[in-house]
Structure formats: C-alpha cells, structure tokens
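Chemist: Going down the list, the protein sequences come from chains V and R. Numbering follows the working numbering, with no gaps: position 144 of the first sequence is 144. Numbering follows the working numbering, with no gaps: position 219 of the second sequence is 219.
There could be a bad hint or two in this list.
[Unchecked claim] Not close to chain R: a few residues of chain V, all C-beta gaps over 12 angstroms, as computed:
#: 1; residue: K41
#: 2; residue: G42
#: 3; residue: G46
#: 4; residue: S79
#: 5; residue: N104
#: 6; residue: A149
#: 7; residue: D152
[What the hints assert, rightly or not] Derived CB-CB ranges, DEER-like:
#: 8; chain 1: V; residue 1: E43; chain 2: R; residue 2: M283; range: 26 to 32 angstroms
#: 9; chain 1: V; residue 1: G60; chain 2: R; residue 2: G115; range: 26 to 32 angstroms
#: 10; chain 1: V; residue 1: D235; chain 2: R; residue 2: L37; range: 45 to 51 angstroms
#: 11; chain 1: R; residue 1: T22; chain 2: V; residue 2: A210; range: 41 to 47 angstroms
#: 12; chain 1: V; residue 1: T62; chain 2: R; residue 2: V103; range: 23 to 29 angstroms
#: 13; chain 1: V; residue 1: D222; chain 2: R; residue 2: P80; range: 51 to 57 angstroms
Think of the hints as simulated: they come from the structure by calculation, not from any bench. As the structure is a prediction and not an experimental result, all values here were calculated from the model. Where a beta carbon is used, it is the ideal one built from N, C-alpha and C, also for glycine.
Below are the chains, spelled out letter by letter.
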Amino acid sequence: MKKLVMMTAALALSAGFASAQTVVRMGTEGAYPPYNFINDKGEVDGYERELGDKMCELAGLTCEWVTTDWDSIIPNLLSGNYDTIIAGMSITAERGEVVDFTQNYIPPAASSYMGMTADANIKGRISAQIGTIQADYVAESGATLLEFATLDDTVAAVKNGEADAVFADKDALMPFVTESGGEFVWAGEEVQLGGGVGMALRKTDTELRAKFDAAITTLKADGTINALITKWFGDQAVLY
Amino acid sequence: MLESCADPKSLEGLAWTLCYLTTGKQVLFYWSFLTVLTLMAVTAPIALAFGFGGALATRAQFAPLRWFGKGYTSMVRGVPDIVFFLFVPVALDQGLEYLRHKVLCPDWTEPVRQGSDFVVCAAAKLPLSSSPQSVHELYGFVLAVVAFSVVFGAFAANVLAGAMHAVPHAQLETAEAYGMSRRQVSRRILIPQMWVYALPGLSNLWMILIKATPLLFLLGVSDIVYWARELGARKSQIYEYPHPDWRLWYFLALLMFYLTMTKVSEVVLRRVTSRLTRGQATMAGEAMRKAGG
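Extracted from the complex, chain R is given alone in its bound form:
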C-alpha cells in the first residue's frame, strides 16, 4: 500500500483511483484471476486423464470394468452439473472426515450424525480447525478440482470413446494382420490417430470449462465473479472508498477477460488441430498433403 493512501477520504481524481485500485481487497480480486487460471490449468489434464480412463473402460473386454465406465459416463452426463458440484465436495469431505474419525478417534462413542449435525472428533476435522485459513482455502480448491474433473472427465470420456470408434477400422485390422497384439494396436494405431477426431469435442469442453469456473463460488472458493460482485456493489461511507454501484464496470472487465481467454484458446486449438491433422487419413489431412504441407 502506498503511503499517500493513508487518508483516502481526502483524495481526489487520479490519486484516489490509484489508491482505490491498490487496496487489499482489490489485490484479492487480482489474485482470484490466478485462482481461476490455475483451476483451468490443473483441471484440464486431470479431466482428460479421467476421460481417457473412462473411454478405455467403456471399451474394455472385462465386463465389470466396462459397466463401470458406462455407468460413470452416463450417470454424470445425465445429472445436472450443479448437482454434482454440490454433491461431490460434500460427499468427499464428509467421507474423508468419517474415515479419519474412525481411525483417529476409536474411543469416541457418540454417533457421527446427531440430528442434522455432522460431528466428528476435533482431530478428524479436515482440515483441522487450527490450521490456517490458507490451508482451508487450498483444501476447498482441491475439492473443486476433483468435482470439476469428475464432471468434465465424463464428457471427455464420451468424446474420446467416439473418437476411438472414428478411427478407420481397416487400419486396426491391417495392424492386426501384421501380427500386433490388441494392446499394441491400441497404443500404436488407435490412440495416436484418435486425437484428431477428439479435438473438436475436446475444444468444446475446454470452452465450457472456461465459462464454468464461476461455479467455484458454490464450492466456497472466492473467484473473479464473487469479487466483481462484492467490489462493484454500492459502498456506503462506512467503507474507506465509498462509491456508487459499479458492478457494470467490474462485469465489463470480466467480459474482456473471458473473451480474451476464448480468443487465445481458439488460436492455440487451431494450431494443435493443424499439427494433428498432418498425415491423417481425413479430408483435412488429405487437403494438406495435396497442398504439399
């Protein structure tokens, strides 16, 4: 904080604006952008891994694994996202606390559920009440990543399963004719080729993920939408920097952020697509070959 900001009510114009934009609360708003970007960066690969596992499971020869894969994708895809965002973190949190309670406090005789209260011993709390707020926030963030990954993983699984089906069957048969095992066919022919078919679907999912991040607030993580609402709301004289309702300006800033994210993603995805198309037996790949690419 700048020293000249000690008495904000006496400031005017540019000095006021500068001081306003560097208050502790504003800085929290700036950090929340990093939270959102981190969430996307962490969730995307994990969800993709979930999806990959799910897609392989739906194609598995071992029946129970196949049922699990099909059950996972159809269940998550069929239930509204928001229900999962509310359910997964609560279930995970209470499940973990219950397990820790059983292990750490075996002498505890009272029931865990008493009326509407969920009571575990102090040592089983997750995170412990005594741990600093940052740990609580990190824990909430991790739960959010898991919830997002479960939901987006199911959609990714379906996209990847479809992509696996789309790889020309003749190629897989040829590979088998060359004497490759099922696993070798998967690894050498199927998986390298499926990405180009999966990309349109996956890029859709990525775009939806970008726009789904405000759901973070449901999970108790203060994201950019929360701070924009909070900071933009009319501030009375009780605050050091009173101002009228500025939510319009804050939301305009968010609009710019989301549009920039979308634009950058489009550019990157276009490059990845052309890279993956090279040498593929698809129309786009054929066009590239003819053009001498």
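Only chain V is shown next, with the shape it has when bound in the complex:
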C-alpha cells in the first residue's frame, strides 16, 4: 500500500512539473447530443465543444476536454477533477448555491414531453434524467417520476413501455422525434424551465469565471453564438 502510494506520488510528480502553463479542464457528459456527445472518432463533439474551443481561444486558455457521469458531474468539479462544467446545465438557484454560473450561452429554451402517442398521459409515469431540472419539474407536477442515468435510458424506458412519456430539453429530444418515423411524438404542452444554459465553475474560481463571461459577451456580440445555435439546433431554435 505504502509503496503504491509512493509510486503514485512519484509518477504524478515526474509527469507534472515539465509545463506549468494554465490548462483549463472542461468537464462534460458526452451523452447529450447535440449539446455534447462523443463522436465516432471517440472525441467530444457538439455545440458546447465548438463554443468551448472558441471561448478558450478568445481567452487565451489551453483547454482539455474530460467526460464524466452526469450524476457525479458537480461533486467532481468541487473536488477539482476538472475546472468547468459545460454540459447543457441549466442555470438554477438551487445549483447556484453550490457552484457559480457564467451568463447563459443558450437562451432559456423549452422542455417537452415525448411519448409513443400524442395523447400520452403526462400525469402518469414520466421518465427523466436524474438530477435535471426536468426531473424536479416532473416530481412537482404530480406525475410518477422514473429517473435514469442518461438521456438514452429515459427514451428507452418509453420505448419498452416502462414510462408513458419522457420529459427533457426539447432540443435534445428533437432527433428522436424527427428520425423515428412517427414512432415518437410530442405530447402535452411545452414548458419553459430554468434560466438558460451556462457554464458552472467552483465558487472560488472567480477569475476564470470572469474570463469565460467576457468571452461569451464577445461571442454573443459578434453573432458567433447565434450562428452556432442555428448550426447545431436548427433554424427554429431560440436566438439571442
């Protein structure tokens, strides 16, 4: 044990000191297209990847992308495994007690129910991804909440009949509706939730947060963010 610990320490020491430039580790989920996903090359891709790289370039930072479980994405940020969360995370007051958000880089967007039929019972059994604002909303709506670790699992639950409908970001469910050939359809009304999507950082990292905030302001002003939103979310997406 002792030897192992020493070895680990030695390994980390020898690996580290060579370069001391600031590297910002960007934490994401990698399972929420088109926000962020792992493409066929095995790299992080999506709207947030492209936006994140642009922000890092603008702020003069070297950024490295890391994926993690959605479930433990905030604890891992707090314990310092990476420096930012850029994973389609909606800005809410509850999360704001633990982490600090930048200004939003996606305007507040609709959440929707998706079922096998348009008259699916949205007060019945509703699946949602664990720890999302949609899960909180379902719990308060009086429906029975079925929580799953990933978006894919929530959709699979609808398909195999475990849930009557899934409730998630409309943009994330969009590909399922458009490509299922009528198998999945929208159900119920759209709901406006959260204060848009922002990057989350540790409360102690105020300097880094200011840098990203400034980068988002610039990219909003020069139209880059709008162009990216249209590219990844389609023409009907809400713009700034």
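Following the hints, complete the assembly by docking chain R onto the known chain V.
Modeler: Positioned in the frame of chain V, the structure of chain R alone reads:
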C-alpha cells in the same frame, strides 16, 4: 482508419459494417478490454499480498498489529463494497493533494476547504491540470487498483487466515518438536500447506473480481460496460454512423467475454488445485496417492 470510410453515409452492407467496426470510438471499446484485463492482472497479486499481510497480522503475537489486522478485515468486510470504491479513491486523492499542498505551497493562506470546494494550489494538483489526459487516466486507474486491492485484500485475508487454521495442528507441533522456531514453522510447514485449503476461497474471490470490474466506471475509468452502453445506444443522424438501439448486441458480446473469462479461470484453477493437492494430508491428496499420482 481505412480510406474508403471517408464518407460513411454513402456506404452499405459489409463495407459499412467494416468501417463502423474500425471507428476511433470502437477502437476505444476494444482497448477497454485490455484495461479490464490489466486491472485483474494487477489487482489479483496486490490483493493477495494485502490478504497475506492481513492474515499474518491477525495471527501476530504483537497485540496492536493483531488489532490492526482484525480491524482491517472486519471493517472492510462489513461495509458495502461500493462505499469503499467511492471512499478510498476520493480519500486517497484528497489526502495526497492535501499533503502536497502543505509541502509545495507553504505560503498559501486560504483554507483548503471553502464551503463545498476542495481547493489546493495549482502545483499540488494530482495529477497537475497541465499533464496530458493519459496521465489523468493512469492516475485514475492506479486509484482503482488500490481501492480494489483494499477490498479484495480484506476478503483474501480472511480466507488465508482460515486456511492457516486448517493446516493440521499436529504437523506444526511435530515441527516444533524437531526444534524449529516459530518463524521456521510458519515458513516451512504452515505456509506451503495452507494454499490448498485457501484455494477454493481464493478462486471464489477471483470470480467475484472478474465480475466486479464494471465498478471501474464509478471511479472514472471507461471500462467495457461503459463503452458498450455508449456505443450501443441509439445514434441519430448527427453521428457519422447512425443506428438503432444496439445495446442488446453489445451486451451479448460482454456476456461472451465474461463467460470465456470464467471458463478459462475454471480450467486454470482446476490445474492449480491438483498441483497443490499432490502429497497433501487431505482427502483429495490421499486419493491421488492411492491412484499412484
């Protein structure tokens, strides 16, 4: 990557399948099998060493060492594995970072714990933020090995302690009558003979270890189950290789892998058992002697 795979959406049938199976993401899946095999190969001997130390400690004459050995085995065996898999790496990681922080940044005045944040100076980060992703992954892997070894070591300690008790006492007394010291008795009589008693228990542990490897994902290491889920999930047109939900097929592949591992282990363990049984004062050893083995 093959050149003909440049435009996957235009491909069909076998060509599509071939290209699909050689994408960068698939290759990561294949490598994760090696990760799992390496984990087992590295963890097994370390856990066995932990177990051996623990078993000797529980038999030690020096009381504090004995308490430590007993405390270790009963505590780890009593707490759910998953708690340990979550606790050991986090505690180890933060403990090491805290120590490095104290040594490397003595001028730092702010507290390490600020609210829910764990903040150490940049030079104390483990691994450093600037080190490449591969170092981070290796570090996570090492933490995983330690966590697995701590847990499986405690079980192995109990198995080995039981095996030590099972060696016929008359043999140890005879050795002492021949004038051997306590240490010589342990080394020459007890330890060579206990393995045959320990083997059934240890082989159980090995089988459990094989099946426990998906816990790797809890520790941030992308293992075969993670990649099977990720690759098998329905892929929309945003991906280069869209496909419906294929998790069933990916999990079938995993099933084959685990069954093969189990079969190979059984064959190897049977050989080791018969090797260790030879000349032992057990029923199986006696049967072997009579058969002229």
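Chemist: Does each hint fit the structure? Answer for all of them.
Modeler: Do the hints match the structure? See the list:
1. Chain R draws K41/V into its interface by the beta-carbon criterion, the shortest separation being 4 angstroms against a cut-off of 12 angstroms.
2. G42/V, annotated as away from the interface, has a beta carbon of chain R within 12 angstroms; the closest lies near 4 angstroms.
3. With a least beta-carbon separation of about 8 angstroms from chain R, G46/V fails to lie farther than 12 angstroms from that chain, contradicting its non-interface assignment.
4. Under the 12 angstroms C-beta cut-off, the non-interface status given to S79/V relative to chain R is violated; the minimum distance is some 5 angstroms.
5. Listed as outside the interface, N104/V is consistent with that label: its C-beta sits roughly 23 angstroms from the nearest C-beta of chain R, beyond the 12 angstroms cut-off.
6. Not every Cβ of chain R is farther than 12 angstroms from the Cβ of A149/V; the closest lies at roughly 9 angstroms, contradicting the non-interface assignment.
7. With a least CB separation of 4 angstroms from chain R, D152/V falls inside the 12 angstroms interface cut-off, contrary to its annotation.
8. Against the hinted window of 26 to 32 angstroms, the Cβ-Cβ separation of E43/V and M283/R comes to about 59 angstroms, which falls outside the hint.
9. A C-beta distance of roughly 29 angstroms is found between G60/V and G115/R, which places it inside the suggested range of 26 to 32 angstroms.
10. Look at D235/V against L37/R: about 48 angstroms separates their beta carbons, and that is inside 45 to 51 angstroms.
11. The hint said 41 to 47 angstroms for the Cβ distance between T22/R and A210/V, and at roughly 44 angstroms that hint holds.
12. The supplied range of 23 to 29 angstroms is met by T62/V and V103/R, whose beta-carbon atoms lie about 26 angstroms from each other.
13. In this structure the supplied range 51 to 57 angstroms holds for D222/V paired with P80/R, their Cβ-Cβ distance being about 53 angstroms.
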